[in-house]
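Chemist: Below, each chain spelled out in residue letters.
Number of protein chains: 2
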Amino acid sequence: MSAEDPLQQVHLFEPLDDAQLARMRESMREFHLAPGDTLFTQGDPARYFFLICVGSVKLFLLSREGEEKVIDVLHAGAMFAEAVMFMEHQSYPVSAGALSETRLLAFDNEAFLGLLRESPELTLQLLGTMSRRLHQMVREIDELSLHNANYRFITYLLQQERTGPDRVDLNVPKQVIASRLSMKPETLSRTLSKLREKGLIRVEGDTITFLDEPGMRRLLER
Amino acid sequence: MSAEDPLQQVHLFEPLDDAQLARMRESMREFHLAPGDTLFTQGDPARYFFLICVGSVKLFLLSREGEEKVIDVLHAGAMFAEAVMFMEHQSYPVSAGALSETRLLAFDNEAFLGLLRESPELTLQLLGTMSRRLHQMVREIDELSLHNANYRFITYLLQQERTGPDRVDLNVPKQVIASRLSMKPETLSRTLSKLREKGLIRVEGDTITFLDEPGMRRLLER
Numbered sequence: 001m002s003a004e005d006p007l008q009q010v011h012l013f014e015p016l017d018d019a020q021l022a023r024m025r026e027s028m029r030e031f032h033l034a035p036g037d038t039l040f041t042q043g044d045p046a047r048y049f050f051l052i053c054v055g056s057v058k059l060f061l062l063s064r065e066g067e068e069k070v071i072d073v074l075h076a077g078a079m080f081a082e083a084v085m086f087m088e089h090q091s092y093p094v095s096a097g098a099l100s101e102t103r104l105l106a107f108d109n110e111a112f113l114g115l116l117r118e119s120p121e122l123t124l125q126l127l128g129t130m131s132r133r134l135h136q137m138v139r140e141i142d143e144l145s146l147h148n149a150n151y152r153f154i155t156y157l158l159q160q161e162r163t164g165p166d167r168v169d170l171n172v173p174k175q176v177i178a179s180r181l182s183m184k185p186e187t188l189s190r191t192l193s194k195l196r197e198k199g200l201i202r203v204e205g206d207t208i209t210f211l212d213e214p215g216m217r218r219l220l221e222r
Numbered sequence: 001m002s003a004e005d006p007l008q009q010v011h012l013f014e015p016l017d018d019a020q021l022a023r024m025r026e027s028m029r030e031f032h033l034a035p036g037d038t039l040f041t042q043g044d045p046a047r048y049f050f051l052i053c054v055g056s057v058k059l060f061l062l063s064r065e066g067e068e069k070v071i072d073v074l075h076a077g078a079m080f081a082e083a084v085m086f087m088e089h090q091s092y093p094v095s096a097g098a099l100s101e102t103r104l105l106a107f108d109n110e111a112f113l114g115l116l117r118e119s120p121e122l123t124l125q126l127l128g129t130m131s132r133r134l135h136q137m138v139r140e141i142d143e144l145s146l147h148n149a150n151y152r153f154i155t156y157l158l159q160q161e162r163t164g165p166d167r168v169d170l171n172v173p174k175q176v177i178a179s180r181l182s183m184k185p186e187t188l189s190r191t192l193s194k195l196r197e198k199g200l201i202r203v204e205g206d207t208i209t210f211l212d213e214p215g216m217r218r219l220l221e222r
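Order-wise, the sequence lines are chains P and F. Okay, so the first sequence: first residue is 1 according to full-length UniProt numbering, each after it adds one. Okay, so the second sequence: first residue is 1 according to full-length UniProt numbering, each after it adds one.
Treat each hint with caution, since some may be false.
A pair counts as met if it fits within one copy or between any two copies, since identical chains are not told apart.
In silico EDC-like pairs for lysine to aspartate or glutamate, Cα to Cα no more than 20 Å straight-line [to be verified]:
1) K184 x E140
2) K69 x E186
3) K69 x E213
4) K198 x D72
5) K58 x D142
6) K184 x E143
I should point out that these hints are in silico values taken from the structure, not numbers from a laboratory.
For reference, chain P alone in the conformation it holds in the complex (with noise of 0.2 Å):
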């Protein structure tokens, strides 16, 4: 595969060695849509999973009055409609729609699941490689959070009146100030003790001290 090849980012295929690549190819479809395009609608025969190469799409419920529900919105490089595949009734729960200008490439149903029921092999590997990105996302998810509370965090100590050169009192019970941040008062204290081992600040009690203002800011920064 080319560096620039789109399969390499469907990470159902990363298990596959070259011959079973080949034939997802061959049952490989491209789709055209323009803006408003239907790809499919909520209870039809569920034959292709997609990558977006170009574009946008929208997963959508019609309700009862066919007021729209917009559920995702997927961009280039994202898959979808995989995990229908793996499912009894095999009909799309939901009903897809371009946004934009849009190519897609289709990926034939059978021809995967014809794969895995070949070869017990490629499928725990499969199970494997989704296991570990679960884990990275799970990760991912949690750096995130954090991040976000640190920047919260120092962004409020600095600017709290000073009570001296290098000194806040935080006058409020510290759950009241997570509230105030938008976490959980566990993560306050992650993000309390973090700051602290970095030699960043000293607590103690209601008193913070700036060990390292610069320091702080240099956190903001990243």
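Got chain P sorted already, so can you dock chain F onto it with the hints?
Modeler: Chain F alone, transformed into the frame defined by chain P:
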């Protein structure tokens, strides 16, 4: 299963029926570790995957010099080492040790792989579960990033000097603001559009008019 059944936290068990769950429960072991205890060492044959019930666990590698590099810290509710079961060489790629008093459930790899071998249908259901979880997490990461960006940008706007009663002028290019707020320029654009769509601000060139400042502040409290 009762509402407090820890096995409900194991996403790998989601598609299991009662008989299959009972088999996993039979082969299950419980481990109690004190802080500093080692659970397994890199290279050990992988017999179990784990769920943390109480406490926390670090996953780490040892350098040749015996220095420890922590890969991950996991807390109660987290599952780990399950990806190893799907690999060709079933030995733990890292070491694991307890950071505090820890109670773990250990599930037998062979018992779980046995269930998958007997039932291709179960295997497909599991692939479905994992696909759906991956999509949820992609969405969660997206929302966290955007929430983050919203918070930062609104805070930034409200801190700017007013050039009219409800008006600020962005005197620096948008990519500079984005960089200062640690976000991608595209994310800043999406944030601006969202605030405009919600009727909170009006954007004319470099001038931003606050149409609903209390509404902006409410977004910060979420």
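Chemist: It remains to establish, for every hint, whether it holds in the given structure.
Modeler: To see whether the hints hold, each was checked on the structure:
In this assembly of identical chains, K184 and E140 lie within 20 Å of each other by CA distance both inside one copy and across copies; the values are 18 Å within and 17 Å between. For the identical chains of this complex, K69 and E186 are neighbours neither inside a copy (35 Å) nor across copies (25 Å), given an alpha-carbon limit of 20 Å. In this homomeric assembly, K69 and E213 never come within 20 Å of each other (Cα to Cα): the closest approach is 47 Å inside a single copy and 28 Å across copies. Proximity of K198 and D72 under a CA criterion of 20 Å is satisfied inter-copy only: 18 Å between copies versus 39 Å inside one chain copy.
When the C-alpha separation of K58 and D142 is checked against a cutoff of 20 Å, the pair qualifies only between copies, where the shortest distance is 15 Å, while the shortest distance within a copy is 27 Å. In this assembly of identical chains, K184 and E143 lie within 20 Å of each other by CA distance both inside one copy and across copies; the values are 15 Å within and 17 Å between.
Comparing the model with each earlier hint shows violations of hints 2 and 3; every other hint is respected.
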